Structure formats: structure tokens, C-alpha cells
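Chains as they are written, first to last, in my numbering: chain A, 2 to 338; chain B, 2 to 338; chain C, 2 to 338.
There may be inaccurate statements among the hints.
Note: identical chains are not told apart, hence a pair may lie in one copy or across any two.
Derived lysine to any residue pairs resembling SDA-like cross-links, with alpha carbons at most 25 angstroms apart [to be verified]:
1) K31 with E266
2) K13 with P110
3) K87 with L249
4) K244 with R209
5) K31 with D291
6) K120 with P334
7) K13 with A283
8) K22 with T222
9) K37 with L184
10) K37 with K325
11) K154 with N18
12) K244 with Y328
13) K87 with Q292
14) K325 with E206
15) K87 with A133
16) K120 with P294
It is worth saying that the hints were derived from the structure and are not from the lab. Fair warning: this is a prediction, and the values are worked out from it, not measured in the lab.
The primary structure of each chain is shown beneath.
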Amino acid sequence: MNFTGSNILSIKQFERNDIDKIFAVADTMKPYAQRKRATRVLDGAILGNMFFEASTRTRVSFGSAFNLLGGAVRETTGFESSALSKGESLYDTARVLSGYSDVICMRHPEAGSVSEFAKASRVPVINGGDGANEHPTQALLDLYTIRNELQSKGREVDGLRIAMIGDLKHGRTVHSLSQLLCLYNNIHVSLVSPKELAMPEYLIESLREAGHEVTISEELTTHISHVDIAYSTRIQEERFQSKEEADLYRGRFRLNQSIYTQYCEPNTVIMHPLPRDSRAEANELDSDLDQNPNLAIFRQADNGVLVRMALFALVLDVAHLVEKSAYDVPWFPGHRD
Amino acid sequence: MNFTGSNILSIKQFERNDIDKIFAVADTMKPYAQRKRATRVLDGAILGNMFFEASTRTRVSFGSAFNLLGGAVRETTGFESSALSKGESLYDTARVLSGYSDVICMRHPEAGSVSEFAKASRVPVINGGDGANEHPTQALLDLYTIRNELQSKGREVDGLRIAMIGDLKHGRTVHSLSQLLCLYNNIHVSLVSPKELAMPEYLIESLREAGHEVTISEELTTHISHVDIAYSTRIQEERFQSKEEADLYRGRFRLNQSIYTQYCEPNTVIMHPLPRDSRAEANELDSDLDQNPNLAIFRQADNGVLVRMALFALVLDVAHLVEKSAYDVPWFPGHRD
Amino acid sequence: MNFTGSNILSIKQFERNDIDKIFAVADTMKPYAQRKRATRVLDGAILGNMFFEASTRTRVSFGSAFNLLGGAVRETTGFESSALSKGESLYDTARVLSGYSDVICMRHPEAGSVSEFAKASRVPVINGGDGANEHPTQALLDLYTIRNELQSKGREVDGLRIAMIGDLKHGRTVHSLSQLLCLYNNIHVSLVSPKELAMPEYLIESLREAGHEVTISEELTTHISHVDIAYSTRIQEERFQSKEEADLYRGRFRLNQSIYTQYCEPNTVIMHPLPRDSRAEANELDSDLDQNPNLAIFRQADNGVLVRMALFALVLDVAHLVEKSAYDVPWFPGHRD
Numbered sequence: 002m003n004f005t006g007s008n009i010l011s012i013k014q015f016e017r018n019d020i021d022k023i024f025a026v027a028d029t030m031k032p033y034a035q036r037k038r039a040t041r042v043l044d045g046a047i048l049g050n051m052f053f054e055a056s057t058r059t060r061v062s063f064g065s066a067f068n069l070l071g072g073a074v075r076e077t078t079g080f081e082s083s084a085l086s087k088g089e090s091l092y093d094t095a096r097v098l099s100g101y102s103d104v105i106c107m108r109h110p111e112a113g114s115v116s117e118f119a120k121a122s123r124v125p126v127i128n129g130g131d132g133a134n135e136h137p138t139q140a141l142l143d144l145y146t147i148r149n150e151l152q153s154k155g156r157e158v159d160g161l162r163i164a165m166i167g168d169l170k171h172g173r174t175v176h177s178l179s180q181l182l183c184l185y186n187n188i189h190v191s192l193v194s195p196k197e198l199a200m201p202e203y204l205i206e207s208l209r210e211a212g213h214e215v216t217i218s219e220e221l222t223t224h225i226s227h228v229d230i231a232y233s234t235r236i237q238e239e240r241f242q243s244k245e246e247a248d249l250y251r252g253r254f255r256l257n258q259s260i261y262t263q264y265c266e267p268n269t270v271i272m273h274p275l276p277r278d279s280r281a282e283a284n285e286l287d288s289d290l291d292q293n294p295n296l297a298i299f300r301q302a303d304n305g306v307l308v309r310m311a312l313f314a315l316v317l318d319v320a321h322l323v324e325k326s327a328y329d330v331p332w333f334p335g336h337r338d
Numbered sequence: 002m003n004f005t006g007s008n009i010l011s012i013k014q015f016e017r018n019d020i021d022k023i024f025a026v027a028d029t030m031k032p033y034a035q036r037k038r039a040t041r042v043l044d045g046a047i048l049g050n051m052f053f054e055a056s057t058r059t060r061v062s063f064g065s066a067f068n069l070l071g072g073a074v075r076e077t078t079g080f081e082s083s084a085l086s087k088g089e090s091l092y093d094t095a096r097v098l099s100g101y102s103d104v105i106c107m108r109h110p111e112a113g114s115v116s117e118f119a120k121a122s123r124v125p126v127i128n129g130g131d132g133a134n135e136h137p138t139q140a141l142l143d144l145y146t147i148r149n150e151l152q153s154k155g156r157e158v159d160g161l162r163i164a165m166i167g168d169l170k171h172g173r174t175v176h177s178l179s180q181l182l183c184l185y186n187n188i189h190v191s192l193v194s195p196k197e198l199a200m201p202e203y204l205i206e207s208l209r210e211a212g213h214e215v216t217i218s219e220e221l222t223t224h225i226s227h228v229d230i231a232y233s234t235r236i237q238e239e240r241f242q243s244k245e246e247a248d249l250y251r252g253r254f255r256l257n258q259s260i261y262t263q264y265c266e267p268n269t270v271i272m273h274p275l276p277r278d279s280r281a282e283a284n285e286l287d288s289d290l291d292q293n294p295n296l297a298i299f300r301q302a303d304n305g306v307l308v309r310m311a312l313f314a315l316v317l318d319v320a321h322l323v324e325k326s327a328y329d330v331p332w333f334p335g336h337r338d
Numbered sequence: 002m003n004f005t006g007s008n009i010l011s012i013k014q015f016e017r018n019d020i021d022k023i024f025a026v027a028d029t030m031k032p033y034a035q036r037k038r039a040t041r042v043l044d045g046a047i048l049g050n051m052f053f054e055a056s057t058r059t060r061v062s063f064g065s066a067f068n069l070l071g072g073a074v075r076e077t078t079g080f081e082s083s084a085l086s087k088g089e090s091l092y093d094t095a096r097v098l099s100g101y102s103d104v105i106c107m108r109h110p111e112a113g114s115v116s117e118f119a120k121a122s123r124v125p126v127i128n129g130g131d132g133a134n135e136h137p138t139q140a141l142l143d144l145y146t147i148r149n150e151l152q153s154k155g156r157e158v159d160g161l162r163i164a165m166i167g168d169l170k171h172g173r174t175v176h177s178l179s180q181l182l183c184l185y186n187n188i189h190v191s192l193v194s195p196k197e198l199a200m201p202e203y204l205i206e207s208l209r210e211a212g213h214e215v216t217i218s219e220e221l222t223t224h225i226s227h228v229d230i231a232y233s234t235r236i237q238e239e240r241f242q243s244k245e246e247a248d249l250y251r252g253r254f255r256l257n258q259s260i261y262t263q264y265c266e267p268n269t270v271i272m273h274p275l276p277r278d279s280r281a282e283a284n285e286l287d288s289d290l291d292q293n294p295n296l297a298i299f300r301q302a303d304n305g306v307l308v309r310m311a312l313f314a315l316v317l318d319v320a321h322l323v324e325k326s327a328y329d330v331p332w333f334p335g336h337r338d
């Protein structure tokens, strides 16, 4: 695809070489995100960061990514106070707001809303999550993380062995990631969930049509024993009839250091879309894994900034100018790895 | 008036040559708003964008206008959480906040509050709307739009024929616009509203004292047939005893493409202060007009940025420096007209 | 202490020469805060301004201080919408958010939360107030104000005579200020409060152990008659069983111009942490003092910007670079003293 001026609405719009391009640009963003260098390439540009549904992490990640390229950010959070709640159409909102910025990132609780908005916008729109539908930058940062973790071992995404664990029925992130994996070759996917929370059938079929091997199980330990990536997700309590029903599933997908040591191959990478529920009763991904160098959950979050910087640079067509506007960071750069 | 360091609180403070000056500066802002050029003239300056009442559109428009001049924006939205709600006086708030910025834009639900605040502020204050009282930048952008639409036909504001339609009793925007029109000559104003929602008598008298011709009617179609501008406003349901009462008035002021074709002169310009209620039952300004090139409602919104940029440049006395700090925009500039 | 890369969590971490250093750097910030000069020293740097509890004044003060140094600000306000409320640990939040910024300012309703957050952060963290625990930048700006007010009279903090007035039991600011004063010599402290709202015993002992003279009284007028500084605090109605109980104490600590004239030495300086309750029934610090040149409450607020700029410059190690990146302000600089 030609990125210049394009909207980023769905992972379905990407072919494999588009992904390659995004990741190649994301790689070049590392020195900026790690504060070795800074760049003014988007000095004077404005991001409209329109979060009609709250999401601190995603909102700040997009805003910081734009700041790291030298641009300014105008922001909206919440729905009730906006004109949308007074009957304004997404068409009108888009026509107006696109006069205030150079690119818009939008999150909205309704599926399809961001695409509808994008049709009327005069500037590129990036989907920051539209309800149960899509959250394409999360899928991209997950795949970018998988690619980087494998790369550090001299491997590629082709040939990946991955377990997806937990609530695979409702988890938007594992759905999108599965679709992206269909662009690659020869992947083994272990789907570990209670039957009631199984991955939707159409996604399983897509994976098999792509030539991937899919195994389905309700049992955690045997299925995390031969994978490169263990991708854990949250049991989303709010989706169940009662807390009691949710609790039935909880302990069975718990991953902690002793389970990891006993069952996983030595360098199995652990991922999670965050936020992780760290309360004692959560039984999800224990904090005793925090010192395990294979816990990649915070590298995932850091990668989100790189991927979002890359998308901004591509849709605004400045990827080739980033370095020309760069300079050394003169301030304390933090304790980064 | 001398703009440098002045507050912009009310349209009453302007004479005709002040308006001319604002509009002349607004004209010079077009290449920046349309992202052909960028400027760093206010690099290092800070706007305190204090919205003690929510208004996404106006807030972002002010913030973006300041960013477009190269400045930074600090922002507050909402009232409950602020010190004002703990009994702090506007005097104290102004003394404190004016130490944090170079210019303040303030919206507040109480009439007169912004003027009171401005008395204690050490930096210029721009009224972003103080309750039922004034919203001077909206009036300026409306008049700027009228002037531009006429100008593109080789005409001037003098001699304008305008219909104001809908709830003329409660509509702050049509009140302010009427007052501004008193600075011009030989205008025909058609006031179209139900008797119960008529324009206040004192404004009608002002228009007549200015030498303008005013006609008053409850009937839409005959009164939009010989005008340059049809300025439609929202039936503000919240002002009525009941939804049913509001509904009595609604259909009568509906403007859609077929009514436009049947009754209006070919190039009649349609304006509306936005947001427009686009729900099917609204019967206000139909979306089948969206492709009509004479629908100026989004040009109005865009003009808001130009007028606000002009006001910032004038009160901070940098209008003559904008171009000196300018550079070409290296990023994709959007699909703008 | 070595400021570079350090967290600013508590006033307990400072020795007297650390305070001297902060104040010396704060002094150099005056031309920037007063808009005679601007600086780009932190151009490209990002402040994560994380206010998980609302505080317009403190939040905007930190944000503006960072903007005044040329940096960008990403912001969060409120708690409910954040991942913290879904069970995310402060450890996880810190690991993630510290990837989005160069320094974090955090306010949080729970005592100790900011320190816990700071342990996991990869960038310096400044405590913007953690519940009943600490608000170190408020204590520093209070002491900086005392030092400046005395300095203008050729005096030093050593030898200070200060009255602290009002609710000394709950007032976080007077507690912290008392602890900072223990770093100085030969101070007379008059504690004026109802017995029920007395300064905690351990703080009184600290003051005495530092060699200071402490007098305790329930009576205002005699105890403000021989002081350099009268530091008034709010009767915090929300701490009492009833409004009626709070009202018992209110009138007794009222300070207005006639009381000032009758009882205070001519140049006694009046301070207050703000916000001041200016409603007629508040009986706290009357607005008839507003023209009194010894009312320092707004100089306190202005000093907050200087102290915060100094802390940013010190923890990011750019204090020596500020002037190199400086330029004259070309815009109207406001009506500043």
C-alpha cells in the first residue's frame, strides 16, 4: 500500500510487505524513543488525539509518539461532554476536527465509528480502538514484539510456535494477532482456553487455510511446553454472568515463575496485552515473573511507541526526513536498557 | 483599538476598522491553517486554555490556533474539580493562572465571569463564552465567513441580505452577529422564527437605528428566497417546557436540498453555528445538503481557526513577525480545498 | 545530593546545601517565568504529568514550568478511568508510563504511592502530592518565598520569626514547612490554633531539637504582633464532624486589613498555601488585604513555577544549559511586576 495520506483503520488493509515496511521504520525510531537522539521532523504538526472512550495507556502512547517526532498534540477525552452526544454526526465531527490537525487518532466505543469518521476527514485517521471491532496498532505492536523477540535469537516469524491463553472468545488482541499471523508461513498455534471461551471458529479456519497448525486444548501446562511465545490474556470478569462463574476459570491459566520453570522451554517469551490484574486473587500472570528476562510485557508497551511513531512518519510521509532533523539529547536520558 | 495586551471580551469593544484589522490578519493566516506553511512565531509562548465548561470544538479550535503559531497549550476542562468550586474567587484564580501563561482563553458558565477574571489577570484574556452573555470569537468567525462568501462574488458586507432562522430568542450567536452587523451599511435582515422565539426587541431596534431594513416572519420559504445568506440555528430543546412543545416548531424551519432548490436563489449561502443535530427527527439542516457547494458550515468552522490565530497574533503583537518565522511544511498536508 | 536522575519524593531527602542549590537555580529562572527571555533547553523532552487526583493549580504549574523550559507535556487527570482502577499495580503503571516520557510528575490520593511508583520508573519522578503524606514542591516554594521576602529586607532564613495559624493538625503544608525549617538556625515559631487542631507533638519536638523557640497559643492577635511571616491556613471543614463544629473555630483566625494594621509589625508578610476561600462566611484571609504589598500569596504561586523549573533542570541535568538555548521574547510579555 501507499502509506502517504492513508488511514490506518484495520489490520486487514496490510499485506506482508506493508508490515515489513512499518517494522523497518519502527526499527529506526529506537534511538529517539530511548532518548539518545531527538528529532524535530514534525515540528509544527498537530495530532488530534480524540479519545471518545478512556484509555490512559493508549492515549499517552500515541501522544508521546507524536511528541517524540517533534509535533504538538491536542486532546479530547470522554464522550458525554462532546458534540457527538448532542446528535452531531460523525461526518460533521470529522469535517470540523480535521480542520484543526494534521492527523487524527481516534478511539470510540462503537464498532465501525472510526471508519465512518475517516470517510469525512481531510487528514489521515488512525484507529485507536473502535469498540469490539479493531485496535490495529495493538496487533501491530504485538507482532512487532514477537518479531523482535525471535530476531534476537536469530529466528523469524515464519516457523513461530505460539500459545494463546485465556479468554480467546472475547479477546480483541488475540483475534487481530491471529489474522496478522495468516500473512506468515508455517506457524504452530496452541489455543488454550475453557471450551466456553474458545477462539471463534472463523479465525481458526483462517489460520488453517493459511497452512498453519492449530491445536486446541483446555489444559495449560502441556501446551506451553514447546512454544516460543506464551501470549496470556485477561479473564474478563465483566463478560460473565457472575464473579463466581469467572472464578471457575481463573486459576487454570495462571502463569507464575514455578509453572514457567517446570513446564516451559528455557527461553519461552511471555506476552500480555496489559493492563495485567496484579491483585492477589487475579491468578493471571504473577509478579514473581517480573525479574524473568523473558517477560516481554513491558517491551511490548515500549514497542507500542515505536510502531506508532512509524505509522505517523509513514502516513505523513516524513520517514526519510527524521534523521535530517535529529540532534543529540542533552538531558538525562533515563535508566533505559 | 490598540490590540497589544488587550482583552477580547465582547463584540461591543470593536469598531468597524478593528474588525477590518482582525480580518486582514486572519487572511494572512490561511497558508498556515492549510498547512502550506508553518510558523514558529510563538515558539515558547503558553496559552492557558481554561474551559470551566465543556466545549470540545471551541477548546480544540483555540488550542490548535495557538499551536499553528508555534506556541504550547496548557489546558483545563470542567468545573467541579477546580479550586473555583472550593470557594476561590475569580480574582485569586486569575492572579494565579496568569502567572502560568502568556495569554488565557476562558470559558465559564456564568455571564460576566470572564470579564471579572480579566480584571485580575496579568496577561490578555480572550472570552471563549461566558454563559448566556457573549461568545465574541463565534460572532467574529460568522461575520468573517459572511464577508468571505460575499467577497468571492465581488461583494461586500455592506448591502448584505441575510435571513436568520429558528430560535432567535435564545440563540447567542444570532444576537452577537446582529450587533456586529450594526457596524455596516444598508443591510436587509429577515428574522424567521415562531412568535414565541422572536429576536429580542432591543436588537431589532439596534438594527433599525443602524439604518438596516428588518422584516419579521413566521414563514420560512418566502423569506429565504431573496437572501445572500440563510443563517439557520438550532431549536434548543432544553429551553422548552417539554420535548413536545419543542417539536411544534421543529419541522417549520427545516432546510434541505429540495426546499433550497425550490425557494432559494442559486448561490444562497447556508450557515449554521454548529453543532448541527443530524438525527433523523431533528428536521434542522438536512445532510442531503452536504454536497451543496453553498453549504458554508464547515468553512465557518475552518474560519474559526483563522480568526483565533489573528486574535492571538494581535493581542500578543506578533502579526508582523509571523512570516519571518515561517517555513514550508514538509509533511503530507491533508486533502484540503 | 546528586540531583541528576534523582526522584524528588520527600523533603526529608534534602540537606541545607541541597535547598541552597535548588533556590540558586530557581533564581536563574526568573527572566524566563517573567517572559523577558525564553529557552529551548528541553526542546524535545516530554513530561508525563500524571494527576490521578485533581489539582488544577499544581498540575498547570508543573506543566507550564516544563513548557517554559521548552519541553512538551502529556497529561492524565482523574483516577476512575485509569488502568490502576482495574487492578494494575503501580509497578506495572510505572514501567509502562516511564517509557512515554523523560520525567514524571505524579499526584495520587494514597500516601506512599508515588514512592512505590518511583521504584519501578525508568525516569525521574517528582511527587506532586501523595494524599496526607507529602507535597514537597509546595514546601519548597513556601520556603523559597520566605527566603525571598526576607532577602528583600537584607535578612536570611536564619533568625526568622514565623506564626503558623489555623488548622495545624491537618495542614500538610505547615507540617512540611516545619520540617524544612529544622535545617535552619535560631527560628521563633508561634503555633496559633485551637487545642483540638494543634500541630502534632513530634513536629514540635523536631523544631525544639533543632534549637528553635516554639510558642503555642489559641489566640491570634498577640502572636502575630512580632513575626516576619504570618502563615495562614484554611480551616478544613471536611475534617470536622459537622459544619457547625468547624464554624466554632472560624472567626478566631480571621486576618483582615484592620487586624493587620492594629496588631502586626509594619512589614509582616502574609502567606497562605491557596486556594483561599473568599466566600463572605469563610472568615479566613479577607480580600481587603489584596492591595497590601505584604500579601505574598500570589508571589508564592509564582514562585511555584520557579521552584518546579529548577527541579526539572536539576534532575534532568540541564541547569547549566538553560541560558545557552535562550532568546529574547518577541511577544507582549504581560503586565508583570
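*In rising order, the numbers of the hints this structure does not comply with*: Hints 1, 4, 7, 8, 9, 12 and 14 are the ones this structure does not satisfy, whereas the remaining hints hold.
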